[in-house]
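Visitor: The residues making up each chain are set out below.
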Amino acid sequence: MQAWWTMVRRELGGIFGSWTGYVVISVVLFLLGLCFVNLLQALNSEPTEQPVMELFYSTYYFWLILLLAAPIITMRSFALEKYSGTFETLMTTPVSDFQVVMAKFTGAMIFYMMMWLPLLGCIFIVRHYSNAPDVLDVATLGSTFLGIFLLGALYMSLGCFASALTRNQIIAAMGAFALGISLFLLSFLSISFAGRTGWLAQLFAHFSLLEHMRDFARGVVDTRALAFYSSLTVLFLFLTHKVVESRRWK
Amino acid sequence: MIEVENLTKRYTGHTAVTGLSFTVGRGEIVGLLGPNGAGKSTIMRILSCYMPATSGTARVAGYDVFTQADEVRRRIGYMPENNPLHRDMRVREYLKFRARLKGLGRARSRERIDVVMQQCGLTEVSRRIIGQLSKGFQQRVGLADALVHEPELIILDEPTIGLDPNQIRAVRQLIKDLGQKHTVLISTHILPEVEMTCSRVLILHQGRILAADTPENLQKIMSDGGQVIAEIAAPEEELRACWEEIPEVEDFDVSAAEGEYRRCALTPRPGVDLRPAIFALARERGWPLRELTRSRYSLEDIFVRVTRPDKEEDN
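From first to last, the protein sequence lines are chains A and B. First residue of the first sequence? That's 138 in our numbering, and the numbers climb one at a time after it. First residue of the second sequence? That's 364 in our numbering, and the numbers climb one at a time after it.
Everything labelled a hint here was simulated from the structure, so no lab data went into it. There's no promise every hint is true.
As a list, the in silico BS3-like pairs of lysine-lysine whose alpha-carbon atoms are at most 27 angstroms apart [claimed, not checked]: (1) K498/B to K459/B; (2) K583/B to K459/B; (3) K219/A to K539/B; (4) K498/B to K539/B; (5) K459/B to K544/B; (6) K544/B to K219/A.
Okay, chain A solo, but in the shape it has when bound (with noise of 0.2 angstroms):
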């Protein structure tokens, strides 16, 4: 625990530490003022019956700040280490290679979820000044940011996958980058089989990242959706395990 501990405290002082992480977080405020900026106009413009959080969702913006900045976030986990030798010092000290995976997991989800913070100013903005407040309640609220954290937990442990794999961070984020869009890509695919019927449109519809999000920012947490992104995160960990691991294998 001590351990675990000691280590996520690194990987936030090594994402503070460096510039990394206050651009990744200046570009997600600019593209989240953006999107804020764009809701509002359509807001002014036309009046709408659809929850401001979905709104939101239905932008690109969200997708955009998640496929680009989970591997950015993740790029230096593993791959930095191994270039520049410290990954040599940290497993011979008496850290499990679990802990080691786990602690560089929780450090990126820490980042990720500071990362989304500006978005609770922007709601409170809307609340402040539209005349409903019940617009926006906690539990749509929380049911979002539910649905952010496990989309996240799915791409961070996405993205420690594709660093343990490589000592280069430029190939690590394009690893984590080729794997989360075609993800996310797979969502297209359910749409182009919507309304149809068959085990294949089925299959594809539990796939849909779109679709899942849209629930959660309705405030419908679905126990497949949860089961689905709680699985591949563990998946995605298990496999980073055996990567770390692998350097011990006879």
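We have chain A already, so just place chain B on it with the hints.
Guide: Same frame as chain A, now just chain B:
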């Protein structure tokens, strides 16, 4: 402290270490000496549980490096080649991070950090960022990290590489001091280093141990056939006659030096020191003697003789 038996490490394509066996006792300072690519770093990486051997066993403090890696890691302080550090951290912060990682409690780590910073001369740079320190200081940070949890065994991979002569001297002194309390295994291809710091040397070449002994013993073995040089002012014929009379002189050569002096190169029988006899002779005859030396093989000669490629043909 270290028991290595029949250790082999194969990478895809080549074999780094072949059937290696050696032991290191508690409190020894042992030097692994070998040219680049001899397998020094491989051995150290296996001993520090970073990677497994292909076959054979290695034990540190009685624990197997493969099956009981956690126990071994608790007992070793390892500084890899090129001394990788988190360059964005401050010295004290880094040492604290490492101490906590190695399982030291809050109070204990504070206390140990103070001790190792004192020991390694880091006290005045404790707040500086590691990346901005000179190479010598960075090296000391690496050493301090290896020492911070008071390990029984300290493994240092080329600890003085890239340092200036003053820094090298300081680091060597530090290693020597460490030997009083810890077992130390260092690797190097710089010969004077082992000559000065180590109590035992293992000479490695292409993954095999070619020689293992104290630096003095290695010299003794190699100095068979070493010559004694004497410069004496005396007529050449008389000198030759004298050398022929002394039974311990196996072979000799007399050549002219400056002025009246003659330079005599004498080969003694194995294990005989000719110098007192020569001095006695010069005094008895009243010949001025201005130089009397034994040509000693340095470890460098030993190293070259042992590791050069045509060694097999020599034997």
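Visitor: Each of the hints needs a verdict: does it hold here or not?
Guide: Status of the hints after comparison with the structure:
no. : hint             : in the structure
1   : K498/B to K459/B : holds, 20 angstroms
2   : K583/B to K459/B : violated, 46 angstroms
3   : K219/A to K539/B : violated, 31 angstroms
4   : K498/B to K539/B : holds, 20 angstroms
5   : K459/B to K544/B : holds, 22 angstroms
6   : K544/B to K219/A : violated, 32 angstroms
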